[in-house]
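Engineer: Sequence:
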Amino acid sequence: MCGIVGIINKSGHKADFNLLKKMADTIHYRGPDDDGVMIDGPIGFFHKRLSIIDISTGQQPMTFNNCTIIFNGEIYNYIELREDLKRKGHSFHTSSDTEVILHMYVEYGNDFVNLLNGMFAFIIFDKNKNEFFIARDHFGIKPLYWYHDDQLIAFGSEIKALLAHPGINAEADTDNLYEYLTFQFVMGEGTMFKNIFKILPGHFMSINLNTYEFKVEKYWEPNFKIDQFHTEEYFITELQAILEETISQQLRSDVPLGTYLSGGIDSSLVTIMASKLLNNPIKSFSGAFNEGPEFNELEYARIAAKKANAELLEIFPTEQEFIDLIPKLIYHLDEPVAGPGLFPQFIVSRLASKHVKVILGGQGGDEIFGGYTRYLVAYLEQALKGAIFQSNEEAEHIVSLESILPNLPTLKQYIPMMKSFWNEGAFENMDRRYYHLIDRMGTTIEFFQPEFIKECNHEAIFNKFSGYFNNPDTKSYFNKMTHFDMLGSLPGLLQVEDRVSMSVSIESRVPLLDRRIVDLISRMPAGMKFKGGEMKYLLKKTIKDIMPPEIMNRKDKMGFPVPLHIWSKNKAKDFIMDTLLSKKARERNMINTDYVEKLINAEQPFSRGLWGLLSLELWYGQFIDN
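Under this note's numbering, the residue at position 433 of the sequence shown is numbered 452, and the numbers go up by one with no gaps.
These are calculated hints, taken from the structure and not from any lab test.
Treat the hints with care, since some could be wrong.
FRET-style restraints, in silico, Cβ to Cβ [claimed, not checked]:
#1 Leu296 with Asn620: 48 to 58 angstroms
#2 Tyr238 with Tyr350: 25 to 35 angstroms
#3 Asn489 with Asn645: 32 to 42 angstroms
#4 Lys146 with Tyr238: 46 to 56 angstroms
#5 Arg393 with Asn298: 16 to 26 angstroms
#6 Asn490 with Asp168: 43 to 53 angstroms
#7 Asp538 with Ile565: 22 to 32 angstroms
#8 Tyr238 with Ile565: 14 to 24 angstroms
#9 Lys148 with Ile464: 35 to 45 angstroms
#10 Tyr231 with His477: 29 to 39 angstroms
Glycine included, C-beta positions come from ideal geometry on N, C-alpha and C.
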């Protein structure tokens with residue numbers, strides 16, 4: 020796990036070592052163990068290493084056959100790939116996965132990327148072709164940003180590394196600002212910074228260094244061509260085998276390893292299976308708040324830890340820590356973030372960093388297996404629609420109205436969501452309906468100045484959303500929703516996962532985001548995934564023999580909620596008001612400060628919308644105003 024920086028001076032001027040080092044030093048926490056540099060005329064690489072595999076010989080940049088690589092990530096099937104390469108005549112000088120990537124590139128060319136099972140972002144300078152080859156993993160677990168103009172092409176693991184270059188200015192991208200306020204993340208290749216872009220998940224890019232032309236290609240996306248021929252038992256058997264193999268592979272480490280453990284199904288599954296495969300107690304880490312039982316699910320984490328024979332270490336974040344740390348965390352994230360959950364996640368990660376260097380978690384399970392309650396809300400409408408109109412589409416692809424009925428007590432907790440969902444009527448097109456469900460700006464319109472809202476191109480944002488939602492292979496509402504969540508919103512959650520863990524110099528692994536799992540589940544009929552109206556039905560069926568029933572059957576999963584509505588009435592109130600009502604915030608003429616001030620003084624529950632504004636203002640203060 021590492022931090023990487025690369026530059027190409029189009030002028031031909033030699034890459035400056037001190038500048039490269041300055042850029043890399045801004046992300047020193049990503050690789051405090053070692054560093055390395057390569058300068059070849061106008062081309063420069065700098066690598067900051069967090070040593071996980073082959074600690075003694077895996078230094079980067081690494082060169083083979085006139086190809087030099089800098090790499091951030093882990094390739095979990097590197098041992099299997101290396102053995103295959105040996106049979107083809109390749110010999111190796113290290114035990115690292117980095118060297119395997121280089122040999123795969125030489126052997127197979129660009130197409131080798133889809134053979135990698137792991138999390139990765141890498142840049143290869145191919146001197147034979149005078150070309151850069153850049154790739155990012157299937158889901159966007161590892162970050163990679165880039166910038167280009169007439170004089171410069173630059174890459175970095177984090178945006179702040181690019182901003183350390185004197186030729187790159189920090190300027191807010193207004194179009195993407197509106198997108199952030201709608202979804203609380205930026206979809207696609209854009210960022211909150213003008214002229215700074217992401218390499219998209221599941222894509223690679225080549226740059227011709229003679230012409231500086233670049234070509235971007237998609238090498239993977241989830242396969243939603245439904246398999247109607249296999250039974251539920253087949254999918255369960257396949258999923259069991261893949262889960263065991265992927266968790267086993269992701270336990271490969273030359274340094275101490277542990278797990279995040281929230282008490283939900285996903286993290287409990289990873290912890291229990293990891294402990295079983297290691298045949299050894301594992302350290303697990305969890306947290307909770309002392310503000311009330313609705314902010315504490317340690318009861319379930321302890322049950323899972325007992326089942327796994329794991330040593331559970333617990334921590335209780337405080338209001339003062341929130342006040343002190345949130346600006347720092349927004350800095351680490353580079354961009355404003357969807358929810359305050361990054362704060363407790365950081366606290367738990369910081370605790371973990373005192374004991375382990377690698378940590379496994381359950382991120383991605385909700386998107387793959389259908390774990391969000393909003394799916395159930397949307398399905399309720401589709402079930403009603405199918406029952407009323409008796410249409411084949413609903414009958415074929417969604418659950419029955421009868422299957423929804425047992426979930427009505429769960430839905431009761433989400434009445435505000437349902438009110439918003441049906442605010443403009445029922446039975447609208449699927450894309451419009453789901454867009455309304457996740458559109459944050461639509462529910463926070465009073466937070467903004469009317470002149471600011473007028474500039475927002477809502478239809479352009481909807482069309483961008485629709486491009487993700489309306490995949491031609493997805494027919495059911497369920498698959499359309501999960502397709503969007505996997506490719507649209509999941510990268511934003513993974514950004515938090517990466518930055519929070521790397522800020523304390525530990526490597527976070529997400530074994531549920533294995534391409535083979537996603538390909539298997541994506542091909543399943545929607546009714547099988549959501550059978551009987553039960554969220555995560557197939558996963559639960561697959562792991563029922565190892566999962567404690569208290570966790571399997573719980574209906575109150577919280578997702579580590581932060582007691583902001585309590586804190587905003589106490590010490591945090593001044594911090595929140597000072598941020599949202601500052602002179603700079605008023606001068607931007609974006610926030611309706613009178614309304615926000617009235618809302619906070621009225622001691623209304625602190626909303627996700629207010630968090631979105633707080634996060635945004637802290638971002639402006641960290642990056643744009645300075």
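Engineer: Next step is simple, just say for each hint if it's right about the structure.
Structural biologist: For each hint, the structure was consulted:
1. Leu296 with Asn620: 48 to 58 angstroms: At roughly 54 angstroms between Cβ atoms, Asn620 and Leu296 fall inside 48 to 58 angstroms, so the hint holds.
2. Tyr238 with Tyr350: 25 to 35 angstroms: holds, 33 angstroms
3. Asn489 with Asn645: 32 to 42 angstroms: holds, 41 angstroms
4. Lys146 with Tyr238: 46 to 56 angstroms: violated, 23 angstroms
5. Arg393 with Asn298: 16 to 26 angstroms: Cβ of Arg393 to Cβ of Asn298: about 39 angstroms, so the range 16 to 26 angstroms is violated.
6. Asn490 with Asp168: 43 to 53 angstroms: Because 34 angstroms falls outside the window, the suggested range is violated.
7. Asp538 with Ile565: 22 to 32 angstroms: holds, 23 angstroms
8. Tyr238 with Ile565: 14 to 24 angstroms: Given about 34 angstroms between the Cβ atoms, the range is violated.
9. Lys148 with Ile464: 35 to 45 angstroms: violated, 52 angstroms
10. Tyr231 with His477: 29 to 39 angstroms: holds, 36 angstroms
Of the hints listed earlier, those the structure fails to meet are numbers 4, 5, 6, 8, 9, in rising order.
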